[in-house]
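S.K.: First to last, the protein sequences are chains A and B. For the first sequence, our numbering begins at 243 and goes up steadily by one. For the second sequence, our numbering begins at 243 and goes up steadily by one.
Don't read these hints as lab results, they were simulated from the structure. Mixed in with the good hints there might be a few duds.
To be verified - Chain A regions said to be covered by chain B (calculated; three or more residues, Cβ under 8 Å):
no. : stretch
1   : 360-374
2   : 386-394
3   : 462-474
4   : 510-524
5   : 534-540
We put the CB at the ideal spot given by N, CA and C, even for glycine.
Listed below, chain by chain, are the residues.
There are 2 protein chains.
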Amino acid sequence: MTAFEAPEPSPLRDPLGQFVELGRDTPIRLDCGVDLGPITVGFQTYGRLNADHSNAILICHALTGDQYLADPHPLTGKPGWWSDLVGPGRLFDTDRYFLICSNVLGGCMGTTGPKEINPATGKPWGKDFPVITIGDMVQVQARLMDHLGIGQLFCVVGGSMGGMQVLEWCAAYPERVFSAIPIATAARHSAQNIAFNEVGRQAIIADPDWKNGDYLEHGTAPDRGLAVARMAAHITYLSEPALHRKFGRNLQGDRNGFSYGFGAEFQVESYLRYQGSTFVDRFDANSYLYITRAMDYFDLAAEHDGQLSKAFTGTKTRVCVVSFSSDWLFPTCESRDVVRALNAVAANVSFVEVQSDKGHDAFLLDEPEFHATLTGFLEAAASHRGLPLLGRG
Amino acid sequence: MTAFEAPEPSPLRDPLGQFVELGRDTPIRLDCGVDLGPITVGFQTYGRLNADHSNAILICHALTGDQYLADPHPLTGKPGWWSDLVGPGRLFDTDRYFLICSNVLGGCMGTTGPKEINPATGKPWGKDFPVITIGDMVQVQARLMDHLGIGQLFCVVGGSMGGMQVLEWCAAYPERVFSAIPIATAARHSAQNIAFNEVGRQAIIADPDWKNGDYLEHGTAPDRGLAVARMAAHITYLSEPALHRKFGRNLQGDRNGFSYGFGAEFQVESYLRYQGSTFVDRFDANSYLYITRAMDYFDLAAEHDGQLSKAFTGTKTRVCVVSFSSDWLFPTCESRDVVRALNAVAANVSFVEVQSDKGHDAFLLDEPEFHATLTGFLEAAASHRGLPLLGRG
Numbered sequence: 243m244t245a246f247e248a249p250e251p252s253p254l255r256d257p258l259g260q261f262v263e264l265g266r267d268t269p270i271r272l273d274c275g276v277d278l279g280p281i282t283v284g285f286q287t288y289g290r291l292n293a294d295h296s297n298a299i300l301i302c303h304a305l306t307g308d309q310y311l312a313d314p315h316p317l318t319g320k321p322g323w324w325s326d327l328v329g330p331g332r333l334f335d336t337d338r339y340f341l342i343c344s345n346v347l348g349g350c351m352g353t354t355g356p357k358e359i360n361p362a363t364g365k366p367w368g369k370d371f372p373v374i375t376i377g378d379m380v381q382v383q384a385r386l387m388d389h390l391g392i393g394q395l396f397c398v399v400g401g402s403m404g405g406m407q408v409l410e411w412c413a414a415y416p417e418r419v420f421s422a423i424p425i426a427t428a429a430r431h432s433a434q435n436i437a438f439n440e441v442g443r444q445a446i447i448a449d450p451d452w453k454n455g456d457y458l459e460h461g462t463a464p465d466r467g468l469a470v471a472r473m474a475a476h477i478t479y480l481s482e483p484a485l486h487r488k489f490g491r492n493l494q495g496d497r498n499g500f501s502y503g504f505g506a507e508f509q510v511e512s513y514l515r516y517q518g519s520t521f522v523d524r525f526d527a528n529s530y531l532y533i534t535r536a537m538d539y540f541d542l543a544a545e546h547d548g549q550l551s552k553a554f555t556g557t558k559t560r561v562c563v564v565s566f567s568s569d570w571l572f573p574t575c576e577s578r579d580v581v582r583a584l585n586a587v588a589a590n591v592s593f594v595e596v597q598s599d600k601g602h603d604a605f606l607l608d609e610p611e612f613h614a615t616l617t618g619f620l621e622a623a624a625s626h627r628g629l630p631l632l633g634r635g
Numbered sequence: 243m244t245a246f247e248a249p250e251p252s253p254l255r256d257p258l259g260q261f262v263e264l265g266r267d268t269p270i271r272l273d274c275g276v277d278l279g280p281i282t283v284g285f286q287t288y289g290r291l292n293a294d295h296s297n298a299i300l301i302c303h304a305l306t307g308d309q310y311l312a313d314p315h316p317l318t319g320k321p322g323w324w325s326d327l328v329g330p331g332r333l334f335d336t337d338r339y340f341l342i343c344s345n346v347l348g349g350c351m352g353t354t355g356p357k358e359i360n361p362a363t364g365k366p367w368g369k370d371f372p373v374i375t376i377g378d379m380v381q382v383q384a385r386l387m388d389h390l391g392i393g394q395l396f397c398v399v400g401g402s403m404g405g406m407q408v409l410e411w412c413a414a415y416p417e418r419v420f421s422a423i424p425i426a427t428a429a430r431h432s433a434q435n436i437a438f439n440e441v442g443r444q445a446i447i448a449d450p451d452w453k454n455g456d457y458l459e460h461g462t463a464p465d466r467g468l469a470v471a472r473m474a475a476h477i478t479y480l481s482e483p484a485l486h487r488k489f490g491r492n493l494q495g496d497r498n499g500f501s502y503g504f505g506a507e508f509q510v511e512s513y514l515r516y517q518g519s520t521f522v523d524r525f526d527a528n529s530y531l532y533i534t535r536a537m538d539y540f541d542l543a544a545e546h547d548g549q550l551s552k553a554f555t556g557t558k559t560r561v562c563v564v565s566f567s568s569d570w571l572f573p574t575c576e577s578r579d580v581v582r583a584l585n586a587v588a589a590n591v592s593f594v595e596v597q598s599d600k601g602h603d604a605f606l607l608d609e610p611e612f613h614a615t616l617t618g619f620l621e622a623a624a625s626h627r628g629l630p631l632l633g634r635g
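The shape of chain A in the complex, shown without the other chains:
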């Protein structure tokens, strides 16, 4: 079912589940009109579901993230992408909450996607995989919650594309979301972001090893194209000040002067090349095409007569919107649009623009103000939800 070995169990990981088959009886009706099923969903959980199933938090990953939130990544061995925030007494307190993180539909870490086998042909889906949307991803997550016996999530959290999923949850399943934290995200993908995604897609498609999407059958991999896509995207995850602070115009190694060549002369070049070359070891090029397309399609207002507030009519969900001051991929003004729409329907919404020079990636980094914001919001929401407070030693 998956090409990789299951990860070594970590002390945090609950033995429950990892891969589940959903939709055998009732396929998933995708936005494009295709019925897809059965599908496999890869997911990880942390902590324990309480007796009345009221302590579940769904954490939605970003474009190149996965379900290994707090486990070592099975392919790279690196710590999970939010592992510092997960554990007893931590922000996502595993003594208090039951955390679920699932690989998105179209992904490449075990959930059904273009690299998995199409049962109709016995070959990898490749570009025959149906085009998916953020709504489709969330529909699959809702099926997973059904499977886990979770009627209402205590909270749905996510940054970037994960934040799009959070907003989609609030709009599509308002009664199933007690609280929500959309981070560094937007209710629609901007023209500039579509443009950057298109550059990445064209870099992949331009690689002859892409083989019209059927590279798995041909035993090739469009690694060069995927690396270029990752390099271009990676620049957008950082801020100019962060790049300047981190690298400036520093040269590689101990060089005193220029080498007058096309090797990685500047440290920033070497860093980018490394980002590109390591990414291809853990990500599938077709998944990159499908998931970026899903982001491009996302426009919550368009699905509600062009009025974003209509997406949230009557919502009782408590929402905490978070942006970062130096994020130019999902700038604060786009978070403000979400806040304005929620205010227009008298929703319970708070908003924090975290001052940071780390750009979009700040949601994955050590940002004390950001973490304090999440902690405060979760504490208050837990108190309103009647989740027992814990004595902290």
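Model the placement of chain B on the given structure of chain A, informed by the hints.
M.R.: Coordinates of chain B only, in the frame set by chain A:
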């Protein structure tokens, strides 16, 4: 010498020159230490040089520009890149000034560069062409001025990489520059800009048709890589508001809904693909590598003990620095650094940040405030230089 036909003469073009051989007796000593010569320089002129040779304006082109400032482009047939500004009674008044625009060293429109023949081998230079700098480009331009009998330029003007050349002229040949207009530029290339250039270079190098730089010999062309490079760069030339205003999330053609595929679904995708596909018809991939590298190397302060003001010590040049408010490739703060350095040596400097939402490309577009700034500065400088005022009908 060049692969293309000479353009049809335009009414504006002076019959003087087009291509000249320089450095036959004294080669150009490049910053990398290589002696290069003889070299060919392609250039266009407009207007007439006056009796005391005091009315010459050198116009420096940007990364993908060329000498066809006000002529139809010989390969695309499109009007010259500043053709609206050149002519009798226009901003660059051909009744008053003698305009010169030359293709940069390393370029691909007739000036010696990687696509021209290496006399030592009889084959195209390819990646055996020496790595060049902005300083080298300006040195070649100075040789061209010697050839034309121009001791002091009345003005040196240019945007983006053209602006880097303007600053280099001010630093390297202060006595030869009466006035200067660096536009939408910086005294050093930022880490973020190096990163974007590196993405473009890697896209070209990743294309198997690049053939380790020897594609001309192999009869191939890394068009796919070059197109991706152009697409990525093109995003940086625009502003997010400009992209939003121009395209937003509009779909291609008359579509009412998504097609759920990977064709050019959004107008912004189609626009970018067009920019990529047309660029390869007029530009050489190796030139793109060499010229972006020259930009990356540019750091005027580093050449002067790390103090930018030292680059301008004792200057008598009148300088007008221009930036655009929505330019995020060469943001206003980088122009301010130049102004501050000029102020530190009590130079005659004025500074205008033009309010515009058109991004970096604003210097190529119809921006009345920008044009008024240039006109005013040139009028005052001409008056100080004692160039005769013209009666305007």
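S.K.: Report holds or violated for chain B covering the stretch 462-474 of chain A, Cβ cut-off 8 Å, minimum 3 residues.
M.R.: It holds: at least three residues are needed, and the stretch 462-474 of chain A offers 6 whose Cβ sits within less than 8 Å of chain B.
S.K.: Take the stretch 510-524 of chain A, compare each residue's beta carbon with every beta carbon of chain B, and decide whether three or more fall closer than 8 Å.
M.R.: holds (count 5)
S.K.: The stretch 360-374 of chain A covered by chain B? Criterion: 3 or more residues, Cβ-Cβ distance below 8 Å.
M.R.: The restraint on the stretch 360-374 of chain A holds, since 3 of its residues have a Cβ under 8 Å from chain B and three suffice.
S.K.: Would you say the stretch 534-540 of chain A counts as covered by chain B, given the rule of at least 3 residues with C-beta under 8 Å?
M.R.: holds (count 3)
S.K.: Okay, the stretch 386-394 of chain A and chain B, do three or more residues pass the C-beta test at under 8 Å?
M.R.: violated (count 0)
In the structure shown, a violation is registered for the earlier hint numbered 2 alone.
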